[in-house]
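Take the sequences, apply the hints, and build the full model.
Note that the protein sequences, when read in sequence, are chains A and B.
Using our numbering, read the first sequence as starting at 60 and increasing by one per residue.
Using our numbering, read the second sequence as starting at 60 and increasing by one per residue.
Source of the hints: derived by calculation from the structure; they are not laboratory data.
DEER-style ranges, computed between Cβ atoms: (1) 182/B x 64/A: 39 to 49 Å; (2) 143/A x 172/B: 44 to 54 Å; (3) 191/B x 73/A: 24 to 34 Å; (4) 225/B x 225/A: 45 to 55 Å; (5) 151/B x 157/A: 40 to 50 Å.
Calculated cross-link-like contacts (lysine-lysine; reagent style DSBU-like; alpha-carbon spacing at most 35 Å): (6) 112/A x 219/A; (7) 116/A x 150/B; (8) 219/B x 230/A; (9) 219/B x 230/B; (10) 116/B x 230/A.
This structure is a prediction, so every number in the text was calculated from the model and none was measured.
Idealized CB from N, CA, C, for every residue including glycine.
Number of protein chains: 2
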Amino acid sequence: MTETQGLLIVYTGDGKGKTTAALGLVLRAWGHGMRVCVVQFIKSARGRWGEVKAARKLGITWHTMGTGFVWEPGEDDQARQRAVETWELAKRIITEDDCELVILDEFTYPLQYGWIDTGEVVEWLQQERPSRLHVVITGRDAPEGLIEAADLVTEMTSVKHPFDRGIPAQKGIEL
Amino acid sequence: MTETQGLLIVYTGDGKGKTTAALGLVLRAWGHGMRVCVVQFIKSARGRWGEVKAARKLGITWHTMGTGFVWEPGEDDQARQRAVETWELAKRIITEDDCELVILDEFTYPLQYGWIDTGEVVEWLQQERPSRLHVVITGRDAPEGLIEAADLVTEMTSVKHPFDRGIPAQKGIEL
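Printed below as a string of structure tokens:
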């Protein structure tokens, strides 16, 4: 058996597939019987989304920043506060929850907005993260410091997008 | 509810995350109760892989080219023959199996090797694929004709890879 070494993985770029690839890791890890936790730093309520429905059925721990929350960079203190609280929750999950894979979905946004300090996040992950724990961070514009600290970084580039052709979001694909 | 329009999706590029993103779509669609079928044009037996274990537990239809098969471009007629047979199987699944999402994993390789004609594949998909069916094709070096025909194309670019740092493949991540 392969020796387990926790990886810090970043899926970034402007193309589709970042959160989706993280979900693929969720499925793969779940297939191995690994304990998976997901923390979403999100735009809005996702209860209707396929991945949330799937997680409920599969017994995967799933946290979101809350319902009805909409990102507006620099908009209000409440947004910043919720992001900070969600990062505190993520830290507790990483150190206490005995997960083997933790997804921090769309975590690059509060880093980009400067709501949470990238240097502190990287330092904390390097010092406090259990050595066998895989952490996956998704979102556009991953900060350079995060990319430097990561073990695996893939940039998803949009070559062609159906919205360009007037096709609406499809259930099971974007939703 | 959103009107369903079957998308042709391509995940290509040299970065990690192509098959993984396809698996994320599998999870999302399965969460919605959609019928999912996977056909793998693959390197080797994957019974031990997390996604295959997960698919078994979730009741997802999963076909592979067979066990112990190793790609060696141009190597032998047997490889070409198996790829052609697997594409025939995929066509039957697409037209007869009442799936809502079909993954053709690593299908770009037999196209690139010229074992299966890209123009014929594209024409067949445009004419014979049920209009509500989503088809996802993964693999490096997607042929131009396939990209032109697709609705959504994301290129996964490797920014950093753990193998570069001597870290072996990890269960639940690559395996």
